[in-house]
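*Asks:* In order, the protein sequences belong to chains Y and P. In terms of the numbering used here, the first sequence is residues 5 to 597. In terms of the numbering used here, the second sequence is residues 5 to 597.
The set of hints was computed from the structure by calculation and includes no laboratory data. There may be inaccurate statements among the hints.
Treat identical chains as interchangeable: a pair holds within one or across any two.
Using 25 Å as the maximum straight-line C-alpha spacing, the simulated SDA-like pairs for lysine to any residue come out as follows [as the list claims (entries may be wrong)]:
(1) Lys579 with Leu13
(2) Lys511 with Gln441
(3) Lys356 with Asp566
(4) Lys462 with Val495
(5) Lys526 with Asp104
(6) Lys133 with Glu85
(7) Lys511 with His138
(8) Lys462 with Glu532
(9) Lys579 with Asp193
(10) Lys526 with Arg12
(11) Lys11 with Met377
(12) Lys11 with Ser489
(13) Lys230 with Val152
(14) Lys21 with Lys526
(15) Lys526 with Asp391
(16) Lys462 with Ala144
(17) Lys21 with Arg156
(18) Lys133 with Ser241
(19) Lys462 with Ala524
(20) Lys133 with Leu336
(21) Lys356 with Thr60
Number of protein chains: 2
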Amino acid sequence: MQEQIGKRLDSLRRRMKEADLDWYLITGSDAHMSEYVAPHWRTREFITGFTGSAGTVLVSLDGAWLWTDSRYFIQAAHQLEGTGVSLMRMGVEGVPEPEDFVMDNATRGQRIGTCAQEIGIHEFDRLEKAYARHGLAFVATEDLLDQVWSDRPALPCTPVRQMPVSIAGMDSMHKLSLIRSRLAASGCDYTLISTIDDIAWITNLRADDVECNPVFLSFMFIDQEKAVLFTQPERFSDTILDSISNVFRVRPYEAVYDDLASLAHGRAYYDDARVNCRFRDILTREDGITGRDFSTDAKACKNPVELEGMRKSHVMDGVAFVNAFSQVDFSLTDGTYDEIAISSLFAAERAKMPGYLGPSFNPISGFGPNGAMCHYSASAESNARIDRPGLLVLDTGSQFEYGMTDLTRTLLFGEATPEQRRDYTLVLKGHLALARQRFIQGTRGYQLDILAKMFMWKEGMSFYHGTGHGVGFNLNVHEGPMRISANPIDVPLEVGMVVSDEPGIYKEGRHGIRIENLIAVKEDGETEFGRFLSFETLSLVPYERRLIDTSLLTAEELSQIDSYHSRVREALYDKVDAGARAYLERMTEPLAV
Amino acid sequence: MQEQIGKRLDSLRRRMKEADLDWYLITGSDAHMSEYVAPHWRTREFITGFTGSAGTVLVSLDGAWLWTDSRYFIQAAHQLEGTGVSLMRMGVEGVPEPEDFVMDNATRGQRIGTCAQEIGIHEFDRLEKAYARHGLAFVATEDLLDQVWSDRPALPCTPVRQMPVSIAGMDSMHKLSLIRSRLAASGCDYTLISTIDDIAWITNLRADDVECNPVFLSFMFIDQEKAVLFTQPERFSDTILDSISNVFRVRPYEAVYDDLASLAHGRAYYDDARVNCRFRDILTREDGITGRDFSTDAKACKNPVELEGMRKSHVMDGVAFVNAFSQVDFSLTDGTYDEIAISSLFAAERAKMPGYLGPSFNPISGFGPNGAMCHYSASAESNARIDRPGLLVLDTGSQFEYGMTDLTRTLLFGEATPEQRRDYTLVLKGHLALARQRFIQGTRGYQLDILAKMFMWKEGMSFYHGTGHGVGFNLNVHEGPMRISANPIDVPLEVGMVVSDEPGIYKEGRHGIRIENLIAVKEDGETEFGRFLSFETLSLVPYERRLIDTSLLTAEELSQIDSYHSRVREALYDKVDAGARAYLERMTEPLAV
């Protein structure tokens with residue numbers, strides 16, 4: 005492998021010389037700036053051997069560097085060994101950002117290239133400007149790897165399926181008209197959408213181009229008369245093609261770059277963080293406006309039919325959880341169980357639920373110290389046996405035909421230590437405080453974030469992932485534009501938005517704790533001060549009562565837990581296996597005396 | 005007056021025609037984008053007769069409009085009557101922003117002018133671009149009012165006094181070197197500072213150019229060799245001029261515009277929100293960098309000597325409060341007292357304190373419904389008698405030679421209603437939650453804001469002013485860059501920052517409640533999760549115990565109040581008038597049983 009990487013780098017360097025480039029930047033993105041990419045775009049892995057999900061690669065004529073974050077330091081060091089690629093540990097004191105590294109090491113007049121298709125317009129412009137200040141040229145190129153990577157996986161082209169309006173709650177004609185009215189209001193003439201989960205939402209189509217993400221590679225052009233969907237026509241059955249052809253004209257995926265030149269008249273509206281640089285010249289032909297895709301905002305607020313589907317998905321998930329874990333003897337700490345077995349057990353029960361399509365992301369099942377790595381993924385080698393008392397963080401989710409779930413529970417094997425109970429209770433207090441907060445219209449996620457942290461901060465603890473992300477409707481498990489985190493993302497929470505509520509505490513080498521429900525924004529009355537909103541909790545799975553230190557809870561918190569548990573019991577009791585009912589009853593008994 | 009306004013408008017319109025302008029924008033700013041301006045810059049009042057502290061004026065060849073916010077709707081409607089100036093109620097549905105109003109009403113090719121000196125570079129650029137899109141020209145002009153306003157007040161030129169290093173805690177040489185090292189790190193060659201309270205801080209000088217703000221009109225040029233202070237030399241005594249001349253060269257205020265052209269070499273660093281448009285051509289000569297003045301960040305973190313001075317100021321303020329209100333019989337609701345009398349009583353006691361310089365802003369004293377107007381200012385006409393039971397919001401502050409205070413207490417005359425006690429307690433709970441929160445390093449004010457609101461939101465109430473503003477050290481009562489509010493101002497709270505903690509509830513026509521202390525950020529330990537910070541409460545004045553509904557408080561809140569009250573008692577007991585001690589003891593008795 006090491007030798008192969010060396011050959012690939014040499015081959016890339018030959019292409020760089022032909023293109024008169026001194027440096028080549030590999031962003032690791034696809035042509036849509038997606039969070040998860042199809043194998044065709046695993047460029048980072050191809051050129052360095054590193055298989056992690058995040059990282060930036062720089063290649064010069066005599067060196068190569070990979071930047072990645074702390075989750076991957078150990079794995080990357082291991083995988084890069086002997087490849088000639090140096091590991092740059094992001095966030096570590098003294099390690100420069102890739103662009104600063106280039107500025108420090110390049111000589112004036114040098115040229116840095118990157119594949120035009122794998123960088124957003126905004127990011128390209130930012131880097132171009134920064135490099136120009138240092139007398140360096142930043143140029144968007146063809147995909148140099150295409151010529152180096154002989155057995156590169158083809159672009160995915162999975163068959164599309166149609167989501168009926170009875171599940172989607174709105175037909176694509178209606179969705180298009182929403183977009184067109186916002187387009188008109190913006191004063192622009194057309195928009196180009198490159199965000200593939202948005203296109204799946206607009207068209208009410210789903211496919212399987214990306215693992216766990218039921219999307220298909222596509223672009224969409226919309227003006228007041230036309231809507232053109234650029235995606236491989238082979239993926240459509242005749243029936244589906246027929247049924248959508250009154251709304252969209254379908255053109256091949258790659259045709260978008262040529263077609264757009266003739267389709268585009270007047271001012272463009274586009275999301276310059278999501279549209280790749282190959283579109284730059286056309287989109288900026290007239291003084292366009294950049295901003296989030298209109299569809300991103302519309303998609304974020306689930307309609308009543310989608311919300312019903314989300315509720316149903318959570319009933320199914322809750323039933324599967326209870327069926328699965330009623331079979332487990334949590335007193336066993338003799339190695340009977342392991343991380344993968346626990347996660348597979350849940351997956352197997354989920355698979356029995358009607359409308360189940362598969363996981364919504366790769367499950368996380370981390371026992372003991374593994375649970376303290378927030379993005380740990382158990383592999384055959386790492387798979388830890390449950391051979392002593394401890395906590396297991398289980399973060400999993402389902403795609404259903406009619407919705408999606410994302411759930412984390414921290415399971416206890418054997419007896420808990422006082423520290424574990426205290427930490428779990430602090431996480432739970434934050435999780436509950438966020439879920440029960442009423443808030444005024446216009447409130448943004450960053451305002452609510454501290455609710456999940458205030459109790460643990462008092463005890464000198466914190467966590468470093470987001471508190472809540474938006475969730476798609478049988479789409480991507482991470483969906484914007486809203487978030488609940490300390491980052492000042494200026495997007496108000498609106499009725500129908502579904503976000504996660506997932507605080508945690510991670511103690512390196514000891515234990516991890518995370519508790520996650522999905523919650524949906526709902527109306528909560530109007531007063532002389534304004535309109536108020538609050539959350540409806542969608543997830544229906546008991547908390548781990550053996551980890552709750554009730555002496556740390558207020559009466560309000562106790563009653564919140566008890567009424568949640570009684571909701572869980574009522575929703576699931578008739579639906580779980582007969583043999584699981586006693587377990588469900590035990591898990592949802594009132595805590596308050 | 006109405007007639008005079010008409011004449012002034014006519015005269016301005018003649019100047020507009022000479023300058024080939026169809027519209028003229030009057031921002032109401034001074035040449036430094038200050039929050040409070042000297043009489044010389046009360047341009048809004050001169051041209052419309054409106055005396056409020058905020059508003060934007062637009063004049064066309066046949067119309068004139070004043071935009072102002074809801075605080076001033078009634079006053080503005082009254083003052084504009086018969087002047088020919090139309091009132092535009094900002095924030096009211098259907099009322100366009102000034103720029104949108106121009107775009108809707110101007111014809112292509114028209115020219116909009118504004119005084120170059122009274123608009124920031126950033127705002128100018130933004131408007132210029134927006135207008136250009138609609139085929140309109142936005143031009144920076146001379147001050148057309150100068151030629152219209154014959155008896156315009158002169159620029160202020162009050163004498164400066166020097167703050168000794170024993171009070172300032174750092175000499176100006178040291179402050180300059182802080183700025184120079186940040187300047188070097190930015191890669192820029194010089195900076196122009198236009199923020200006048202920053203210049204007062206850098207130079208350790210104070211004056212009285214603006215009411216309640218001990219500042220002097222000035223600009224400062226700094227590069228690695230020189231520091232030039234542009235301000236009228238007449239304001240210096242020989243002694244002061246001597247003592248600063250080894251650090252700063254002093255040049256006349258108006259000389260800055262010509263001098264800068266020769267002083268400026270290389271790249272500029274400047275705050276384009278604060279530097280006026282007359283500097284634009286010079287500052288943008290080379291590719292400069294814009295950002296907050298380096299001094300703004302340095303000034304925000306009070307040094308240990310300044311903090312000591314702030315603590316001392318709050319002891320003085322607390323003594324004055326107790327001395328003043330021990331004289332008041334709060335059971336009297338027969339008109340014995342009125343708003344101004346109550347506020348004057350406090351002011352008179354403050355004036356007895358050593359080092360007292362005057363109020364830090366115009367006091368707010370609002371009884372009953374007047375207290376529900378957050379920015380109410382009692383005038384001889386509005387001055388309400390306390391002739392029935394009710395709440396009085398008293399928001400006042402002091403300038404001391406060694407610091408500053410800003411304090412709000414809600415006083416009760418007669419007996420409280422259950423609603424008043426509930427509302428006061430909800431405000432207090434928020435105020436306490438913010439003051440006691442421990443938080444991780446890097447936390448920004450917007451993350452903490454909800455702590456002050458979460459209890460009242462639950463009951464369907466809220467407030468619409470900031471929760472906390474930064475406070476100067478014998479400087480401006482509102483000082484950036486940090487804030488505690490819902491606005492995503494991306495400035496972490498750092499040790500030494502002093503902010504207010506002032507939630508409120510305002511019920512129109514009924515009552516207002518606000519409780520305000522100043523709090524300072526301090527270290528609070530380091531754990532495996534990072535460095536933690538928390539607040540030290542500086543203000544030392546009892547809460548109104550008769551308004552506290554202890555049944556709504558947790559044990560933690562009760563003990564927080566009791567330990568605060570015991571701190572207040574200890575700090576003040578020996579210093580208050582002998583006759584006031586019983587009052588102090590009564591006000592600070594423990595609430596917990």
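*Asks:* State for each hint whether it applies.
*Replies:* Here is how each hint holds up against the structure:
1. Proximity of Lys579 to Leu13 under the C-alpha cut-off of 25 Å is found in neither arrangement, the shortest distances being 57 Å within a copy and 78 Å between copies.
2. When the C-alpha separation of Lys511 and Gln441 is checked against a cutoff of 25 Å, the pair qualifies only between copies, where the shortest distance is 22 Å, while the shortest distance within a copy is 28 Å.
3. In this assembly of identical chains, Lys356 and Asp566 lie within 25 Å of each other by CA distance neither inside one copy nor across copies; the values are 29 Å within and 59 Å between.
4. In the homo-oligomer, the alpha carbons of Lys462 and Val495 lie at most 25 Å apart only across protomers (22 Å), although the nearest pairing inside one protomer, at 28 Å, exceeds that limit.
5. Neither within a single protomer nor between protomers do Lys526 and Asp104 lie at most 25 Å apart by alpha-carbon distance, with minima of 45 Å and 34 Å respectively.
6. In the homo-oligomer, the alpha carbons of Lys133 and Glu85 never lie at most 25 Å apart, since the shortest distance is 34 Å inside one protomer and 53 Å across protomers.
7. Neither within a single protomer nor between protomers do Lys511 and His138 lie at most 25 Å apart by alpha-carbon distance, with minima of 43 Å and 58 Å respectively.
8. Taking the shortest Cα distances, Lys462 and Glu532 sit within 25 Å of each other only across copies (14 Å), while inside one copy they are farther apart (34 Å).
9. For a Cα distance limit of 25 Å, the shortest separation of Lys579 from Asp193 qualifies neither inside one copy, at 52 Å, nor across copies, at 72 Å.
10. With identical chains, the CA atoms of Lys526 and Arg12 are never at most 25 Å apart, being 53 Å at best within one copy and 54 Å at best between copies.
11. Taking identical chains as interchangeable, the C-alpha atoms of Lys11 and Met377 are never at most 25 Å apart, the minima being 34 Å within one chain and 74 Å between chains.
12. Within a single copy, Lys11 and Ser489 get their C-alpha atoms no closer than 43 Å, and across copies no closer than 56 Å, so neither meets the 25 Å cut-off.
13. Taking the closest pair of Cα atoms, Lys230 and Val152 never come within 25 Å of each other, the shortest separation being 39 Å inside a single copy and 56 Å across copies.
14. For the homomeric pair Lys21 and Lys526, neither the shortest alpha-carbon distance inside one copy (58 Å) nor that between copies (56 Å) is at most 25 Å.
15. Proximity of Lys526 and Asp391 under a CA criterion of 25 Å is satisfied in neither setting, with 44 Å inside one chain copy and 45 Å between copies.
16. Neither within a single protomer nor between protomers do Lys462 and Ala144 lie at most 25 Å apart by alpha-carbon distance, with minima of 49 Å and 53 Å respectively.
17. For the identical chains of this complex, Lys21 and Arg156 are intra-copy neighbours only, at 22 Å inside a copy versus 69 Å across copies, given an alpha-carbon limit of 25 Å.
18. Taking the closest pair of Cα atoms, Lys133 and Ser241 never come within 25 Å of each other, the shortest separation being 46 Å inside a single copy and 49 Å across copies.
19. In this assembly of identical chains, Lys462 and Ala524 lie within 25 Å of each other by CA distance solely across copies; the values are 18 Å between and 28 Å within a copy.
20. With identical chains, the CA atoms of Lys133 and Leu336 are never at most 25 Å apart, being 60 Å at best within one copy and 69 Å at best between copies.
21. Taking the shortest alpha-carbon separations for Lys356 and Thr60, neither the intra-copy value of 40 Å nor the inter-copy value of 65 Å comes in at or below 25 Å.
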